Amino acid sequence: MHFDAFDRYHEKESILHRLDPRVKVVVTVLFIVSNALLPDGAWLAFALAWMFVLASNLLSKLGLGYTFKRSIIALPFALIAITVLFSIPGNPLTTFRLFVWDFTITDAGLLRFVSILIRAWLSVQMAILLVAVTRFPDLVHALEHLRVPAILTTIIAFLYRYLFVLTDEVFRLLRARQARSAAAPGSRSGGGVVWRAKVAGNMAGQLFLRSYERSDRIYNAMVARGYVGHLYTLNPHEMKSGDYYATAFAIAAIFLMQVLGRL
Amino acid sequence: MLYAPTPLHIPDGFLNLIVSLICWAITIVTLGFAISKTNKALGEKQIPLMGVMAAFIFAAQMINFPVAGGTSGHMLGGALAAIVLGPWAGMLVMTAVIAVQALLFQDGGLLVMGANILNMGLVTAAIGYGLYRSVIGQSKGVKLGMIGFAAWLSVMAGALLTSLQLWLSGTSQLEIVIPAMMGVHALIGIGEALITVFAVGFIMQTRPDLLGEGSESAKASRNWVYVGGIVALLVVLISPFASGDPDGLERVAIDMGFIGTGLDAPYEIIPDYTVPFLGETALSTIVAGVIGAIVVGAIIVLVGRGMKAKS
Amino acid sequence: MPVTHLNSSFAPPECDGEVLSVNDLQFAYPDGHVALKGISFTLCQGDKVALVGPNGAGKSTLMLHLNGILNGHGMIDVAGKRLTRDNLPAIRAMVGLVFQNPDDQLFSPTVFEDVAFGPLHMGLSEPEVRARVDSALEAVRMSAYRDRLSHHLSVGEKKRIAIATVLSMNPSLLVLDEPSAGLDPRARRTLIHLLRDLPITMLVSTHDMKLVEELFPRTIVMDEGQIVADGPTCDILEDEALLSAHGLEKP
Amino acid sequence: MPVTHLNSSFAPPECDGEVLSVNDLQFAYPDGHVALKGISFTLCQGDKVALVGPNGAGKSTLMLHLNGILNGHGMIDVAGKRLTRDNLPAIRAMVGLVFQNPDDQLFSPTVFEDVAFGPLHMGLSEPEVRARVDSALEAVRMSAYRDRLSHHLSVGEKKRIAIATVLSMNPSLLVLDEPSAGLDPRARRTLIHLLRDLPITMLVSTHDMKLVEELFPRTIVMDEGQIVADGPTCDILEDEALLSAHGLEKP
Ligand SMILES: Nc1ncnc2c1ncn2[C@@H]1O[C@H](COP(=O)(O)OP(=O)(O)OP(=O)(O)O)[C@@H](O)[C@H]1O
Ligand SMILES: Nc1ncnc2c1ncn2[C@@H]1O[C@H](COP(=O)(O)OP(=O)(O)OP(=O)(O)O)[C@@H](O)[C@H]1O
Ligand SMILES: [Mg+2]
Ligand SMILES: [Mg+2]
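Chains as they are written, first to last, in the working numbering: chain E, 1 to 263; chain X, 264 to 574; chain U, 575 to 825; chain S, 826 to 1076.
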């Protein structure tokens, strides 16, 4: 059994795929920060940001709607923001009654709500695109170059590698449980909630032990190849002229959004 | 669903810049401590151990159990990570997990990652470890009971912090978000508590040596008990105020110096979601001009480098 | 492309009660990979059948269908009962599935708890559960291991406990995925004796052609999601062309 | 008690340069379990030797000693160099150890990084590292996999990359722990050809007696922490009493 469902990278030949991962990380973060800075109702800037996302989609050769389709992931969280519809003072738009309470939607509330959603939606699309055009190990290298402490990037690299091994293991455990979740004729299947939680807890404990012992074996494998507490890597990336131009262009575009948003 | 996003992973866009940056600042300082502590205290063996443990926490979050009506319980793992690895390593492991969830699955944003790490990684580990340390040397039953309470409370604390951040950002209304989040997470926390208790019980039964009870000095241990206890106390004190009487929370918050006094609505710390220095004053025009110049300068430098680099 | 050998189709001599019948089973994984392309076969009461084929042939995928963990298109009947969502729990009580890696099967801290999981989940009474556990451990000759921690057992011991975990459910059909992998010759020999002596219908996937030759009168060969041969083991092991076309070897 | 068969002690015909010599090696795990009880043997330049024995015999424990991951009492010399704390790095560059499970060995996200790990830690220059990686991948015929992600590979492919990770260190001695476990017949065959063609001294532990017969002129039998026989494979495989006393079987 092979669990590759977690890979978000999409193999393609495109300018964005070839761009240095550092550039992609920096531009994505700048874009998300810029979104957070845009005032409510900066429609022109939102539109420009959206164009930026669409253009990136096109450049990535993944298709214009690629990130759009996957961006619904942030939507459920919108429930949390729904209260701003009623709570911000402004001109009432409509009032409706739910059970015993009256709710009044104000224009300022609506503006805030829509703006929050747009910001989230634009940001999440950019993040989706980042991992679709950058292989995860390259992303980790970029973080290393951007001065994220080595201990964290190393943990992340191991996490990524063993994510697949251990989730495979979890799925096989879950499967084993499922396979024996039977019912005798005429009786209700399954024990109480606490018993079921105990089974899940035992699985977690079992998985912990195996992970722990695996880490021992990995350590042995590392030592066998000369590891003495320090990790060395080759730098596989080099900034080319195109990378600098792309960064310059993206910064200009993001600055333009900020200016437009405040006009 | 292979991978169920929990309501604690805040996406980008739901916290404003200032709150995001404050959370990042707290997170970075804490992580800085954690890194220097782990670098000092632990051998070379710790690198693969923490990496695989991070993968373990990630995978363990997928172990669920049917509760009722098609819903299922699963766990966050912050308390478990801290109990089995110690607080600092536990925090680093949780940070890696949250970072990968955000980077790879967009479960939680990038700019708000500082907040997410704070809520789900740092506070949960501190509470989990602190409360667990307070019962070291007691009987197994007492230990497991306290572990369950700690796990439950760690989820509640995460939910409380998330609610406060959303409120400070002007995204949610306090008197709605707190009862909603705390209510939901009181239930989620029970799942967390059960799985954590049974998982630690399993380890106590099979490899008690891994729980390393004697590993820390008495003083460090006592400090963690204080940290855990204080955070726990805060959560217990704040949540009923918050859910029952929002004005009460404001009073508590102000008394404790949480926020400056005299604010009409607390989320107007950053009025209207704009950054203060870009108002309609002469000063802001100058600032805007300077920023513009910096941006243009950066672009020129980059283009210059681009011409120099070989293509 | 799998080469289908029609001449080796095979009519079982006599069949006193069908235990399993699979009809035109098709399945694609969520990522679009078509793993089963129309599988049909039947198992009779008491049959012991080997399922062989190269890595990725779809053997494990097929086995996961037999007690409804995966569900593709097509029909599966176990002891005359159609496999549907409604009688899934009943089917699971009849089909005992043992995974390749015993570590996947054993998730509880002690042997007893693991063997008791199935019966407990079936809602049996406590004395009944204890009786089932005892007789299952007896059958794999591991009664002395009742209270041991699963974690500390050797691979061969784990394998036997894994079989006990499904025997305790009194299955009518035992489905084993690569039972001999990773065993030393002695443990493998013990396993062979154990399987030979168990009076249950079984379908066993394996890469161990020697095991196939020794233990199973009938063999099904799968490749690329299809059954490419089904017949008496002796005939199949003689067919060099068939074996080499599907990455197999004569023992 | 292991039965020691002194008559099968064995003087190698000729030896042009000892690559490995182990003398009275003893080891106990921290929990007190004595896993090695005085092991002595030598390997000559170009020898390909099988190490067999039942589960728990101490094969893996012995292998972990050969490049100093564990250290018991006794003497180990690799190419004339005594294994001590001081020349551990030099010894590790000479002894390439491949673990049974390739998932334990391939800990980097990409194939390139994994194969480069050893040379990088030896402090080689960047062009040298790249050249080593290329020739190691060439040797296991996996050059096309350089930039692949490790977790996407099949078991057979992972196994080959695991061998490449130590070949890149130009070892004088290759130590493989159960290389054929879990491979299907085709992948197993490919591995056999690969091992046959590698011109390096190797010590290989395995449960696969057929592999022993096909590939190794000399066999060492271990049981309960001792060497109970060491001699030409053909002699050992004929000695029924020896084999059955140590849970082994003729292929
Ligand atoms: N979860 C999954 N998602 C997508 N494809 C899968 C998944 N599991 C298996 N596959 C693919 O389905 C095919 C059949 O896999 P299966 O595990 O049934 O093979 P198998 O015959 O059991 O092989 P092996 O002998 O290696 O165990 C393979 O090509 C495999 O890559
Ligand atoms: N970390 C450990 N602590 C204590 N005992 C151990 C440890 N690892 C192995 N042992 C014990 O040492 C003995 C030798 O183990 P070893 O792994 O070397 O056997 P092996 O010959 O490789 O067996 P297999 O064929 O199953 O791989 C066994 O009895 C085993 O239980
Ligand atoms: Mg399979
Ligand atoms: Mg071994």
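It is possible that part of the hints are untrue.
Calculated cross-link-like contacts (lysine-lysine; reagent style DSSO-like; alpha-carbon spacing at most 27 Å) [unchecked claim]:
id: 1; chain 1: S; residue 1: Lys1075; chain 2: U; residue 2: Lys784
id: 2; chain 1: E; residue 1: Lys69; chain 2: E; residue 2: Lys12
id: 3; chain 1: U; residue 1: Lys784; chain 2: U; residue 2: Lys655
id: 4; chain 1: S; residue 1: Lys873; chain 2: U; residue 2: Lys784
id: 5; chain 1: U; residue 1: Lys784; chain 2: S; residue 2: Lys862
id: 6; chain 1: U; residue 1: Lys824; chain 2: S; residue 2: Lys862
id: 7; chain 1: S; residue 1: Lys1035; chain 2: U; residue 2: Lys622
id: 8; chain 1: U; residue 1: Lys824; chain 2: S; residue 2: Lys906
id: 9; chain 1: S; residue 1: Lys906; chain 2: S; residue 2: Lys873
id: 10; chain 1: U; residue 1: Lys622; chain 2: S; residue 2: Lys1075
id: 11; chain 1: U; residue 1: Lys655; chain 2: U; residue 2: Lys611
id: 12; chain 1: S; residue 1: Lys983; chain 2: X; residue 2: Lys308
id: 13; chain 1: S; residue 1: Lys862; chain 2: S; residue 2: Lys906
Because the hints were derived from the structure by calculation, they are not lab data. As the structure is a prediction and not an experimental result, all values here were calculated from the model.
Item to check | Non-conforming hints, listed in increasing numerical order | outcome: As far as the earlier hints go, 3, 5, 6 and 8 are violated by this structure, in ascending order.
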